[in-house]
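Peer 1: Could you build the full structure based on these sequences and the hints that come with them?
Order-wise, the sequence lines are chains L and V.
Going by my numbering, the letters in the first sequence line up with residues 1 to 211, in that order.
Going by my numbering, the letters in the second sequence line up with residues 1 to 728, in that order.
For the record, the hints were derived by calculation from the structure and aren't laboratory data.
Treat the hints with care, since some could be wrong.
Claimed, not checked - Okay, the calculated bits of chain V under chain L, using three or more residues with CB under 8 angstroms as the criterion: (1) 50-56; (2) 581-591.
Claimed, not checked - Partial chain V-side listing against chain L, Cβ under 8 angstroms, derived: (3) G43; (4) T236; (5) S521.
All C-beta atoms in this analysis are idealised placements derived from N, C-alpha and C, irrespective of residue type, glycine included.
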Amino acid sequence: MKKLTLTFVFALICSVSFANDKYEKAMLASIDKVYKAGTVEEYKNVINELERIGNAEKDKWEPHYYASFAYTKLASNSKLDDRDNYLDQAQEQLKKAMNLSKDNVELVALQGFIHTLRITVDPPTRGQLYSGLSIQEFQKARQLDPENPRALFLLGQVLYGTAQFMGTDTKDACALIAKSVQQFDQYNADNPLAPKWGKSSAQAAYQQCGR
Amino acid sequence: MENNHNALKFALVILAFLTVLPANAQTTVSGLILDHKQEPVIGANVYIKDTYDGASTDLDGQFAFHTNEMDSQILVVSAIGYETAELAITLAGEALTFEVTLKEAFNRLDAVTISAGSFSAGEDSKREVLKPLDIATTAGATADIAGALNTLPGTQTVGETGRLFVRGGAGNETKTFIDGMQVLSAYSPSFPNTATRGRFSPFMFSGTSFSTGGYSAEYGQALSSALILNTKDEATSNRGDISIMSVGLEGAYTHAWERSSFAGKLQYVNIAPYFGLIPQELDIEKAPESLDGNFAYRLKLNETDMLKVYTNFNHARLTSRVSDIDNPEQKTRIDLTNNYRYVNASYTDILNDQWSLRTGVSYTSNVDDIDLNQDQVREQERGGHVKWVLAYDHSERLSVSFGSDVFTRKYTQAYRTHETGRLDQLDFNESIVAGFGEMDFYFSNRFVTRFGLRTEHNTLNNQFNLAPRLSLGYKTSEHGQVALAYGQFHQTANNDLIRINNLLENEKADHYILNYQVIKSQRTFRVEVYHKQYRDLVKFDAADIFNPTAYNNAGNGYARGLDVFWRDAKTIKGLDYWVSYSYLDTERDFRDHPISAMPTFASKHNFSIVTKYFVNSIKTQVGATYSMASSRPFYNPNLPGFNQGRTRAFQDLSVNFSHLVNSFIILHGSVTNVFGFNNVFGYEYGNVRNEEGQFNRRAITQPAPRFIFVGLFITLAKDKSINQLPNL
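Peer 2: Written out as structure tokens, the structure reads:
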């Protein structure tokens, strides 16, 4: 009996680690494609890839998170007319991820980022509603993890844009961006699939602040 | 030890089996994915269910991938905009080829809409013709809802009232609803023959739907038009606002809790200092002075269920003198005090995925106390409205809603003659019980039908009526659609008629509308033709207006025309403009008309152009509106015929600006009729012939050539990104 149990447990451990390895390998490849994607076709291909992984791995939030992130990247690089459609897709993927992982700082931060991108479609009409919504999400993200550099940078970015539009001092926003650059250097996620994006944008924004 | 050794061996075998297996049998799966038009679907996701194995289709709809899976599997084909297809396949190492045709998925968001007769302003920029902000920033409107909507096609400029006159309909044929509930007396009091303003600030609403005809069976008691205003949801942050305006002061405070919010606003308006600076062609004893309060409470019971309570009170007083046309020295002093209360509570409950419930209650009390040369007139109208609507979404394609309404209204006018002390009273009590049902069915993404039916029973005249409504929409291209609407509409005769004869029948109108619109990337083009047939209009004998038997429902009329709308926010960066043109052909035999004639509130041609331009470098939005209306009829008793006189055409150029002083202060200014066109809206005639045997007349004109407004709007909020900009 003991023998059988041990065998079973061992076999299970082997197969789980084997599955994990396969998942991680596939995800790392896809994530790399998300970061490098440039054309609509490249985005579509990697999003489909992530959807396949997400459909097979029913308890993993990362595939949906990266599919959502890919859609936000695609949205920010596309024409205004297409942006809402892509953001709708991003929102749908993010919802799937949120159902699998509650109070996840990265998901909350991405939610804020989707709201920020909604503003860009029609700033005069959407400015107030969506800047409020995105600030709320970034602040929620910071409460969940004060060390997360993305939440901090994205918050700084929205406040910078607002201050610039209003013609007011960007000092406070720049202080947040500067702090986020520091946090990007220090931040170490234990999960190899953890998001790593935002650092170069934060540095570029920091440069802009210096001017 | 032996046991463990065996276990390890067993595990290693499994592991080897798992890793070795893939190398043994690999199947190539390839093929072509087409849509219902046999055109390739690009970017479809084709894969083996519950595996990572799959591929995207290329520009030719082709895909190919390898899989190590074996035996019976399911091939999934999914693509945005199409129904997902699943195929049972058997993998055995031999290459497989498939051709799959996908069915178009039905999606209401991309489907055709019911657009005939309706202009909506909402936050969804894809399909809205107007945005909430547009109402507030239209030059010439001075942040009045009716003022802004008067720049849309289908409306007629009737400068001496400031109300909405829609497609040859009189002012009372447009009804206002807040969160689906009726509002009585939606306009503030004003001097005789001067423009009024709506009682409700556009800033309260997140969505506005202005129907110029053919509207939903949920709404009744409006012959021409329904103005449906939806209040904002719960506030999410605390803020305070102070406004200092050339006509008064305003303070507002909003407090947000986790699931609820409260917003209160107090406004004090006194136009006396303004009238002191800018003389008016009116004999004013007391310029309008008013105190107005608005309170809104919202409670979000859960993600979907919301309770909204809104209340408004207003106290206003104004006094003027109107001279007699035949004897200018003889003046009538009109001292008007108005007390208004409005309460509205609505509750939305999403019962489950398919059923939802909306209920509401509203109550209006409007009391005018008028001192007419010491004669005391008290006119009161109190009305309640209760409604429930159940909506059932059978599927994406089919939804049904039904519900009922009860309206009750009590009206009295008490007239006490000063000299004799005699009291005359006119009154009526009306209850209307209504039931309605509506069904939306989408045959496809391109074709939708809406069939509705409304029944009403009116206790006053004991009339029962059945009003069918029908709308069709057909998408002709990705961005264009045609729509057709038909509807029957009933309305109780106006208060000043029914109070004399309580048994008057309902007035009726039939609408026929054909619409074509294209909305594409910040450009909108719309054209609509319509025919409206009026029946059972009230007629009376002008010489015998207090005699109930001098009233009947023998009147009729028609209105037909063409409305064109063009909006473009794209061609010139920063410039947003819209152009409206309305052609109207109308005649009526109603009220005291001896024959069928064009009514005095109608004009054949109405044209307006609204422009808005944001100057980024100075953080200022500037706007200008030009409106033109062709001549209006008036009755000239010195000539043969009826309504045979014509005023000169109406013209107005108004400008405004909003300047962002800093992130929490906005300076706003506006001037109407910059060039001071001397517009004449009509003429009033005396009752006796003068020495030349003619009746004397007096022109109905603007009280002053221009109206100038300046205001400073200050926001006090923790969150610096919030200011009143969206309000201006």
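Peer 1: Hint by hint, say whether it matches the structure.
Peer 2: Hint by hint, here is what the structure shows:
{"no.": "1", "hint": "50-56", "in the structure": "holds (count 7)"}
{"no.": "2", "hint": "581-591", "in the structure": "violated (count 0)"}
{"no.": "3", "hint": "G43", "in the structure": "holds, 4 angstroms"}
{"no.": "4", "hint": "T236", "in the structure": "holds, 6 angstroms"}
{"no.": "5", "hint": "S521", "in the structure": "holds, 5 angstroms"}
The structure does not agree with numbered hint 2 stated previously, though it agrees with all others.
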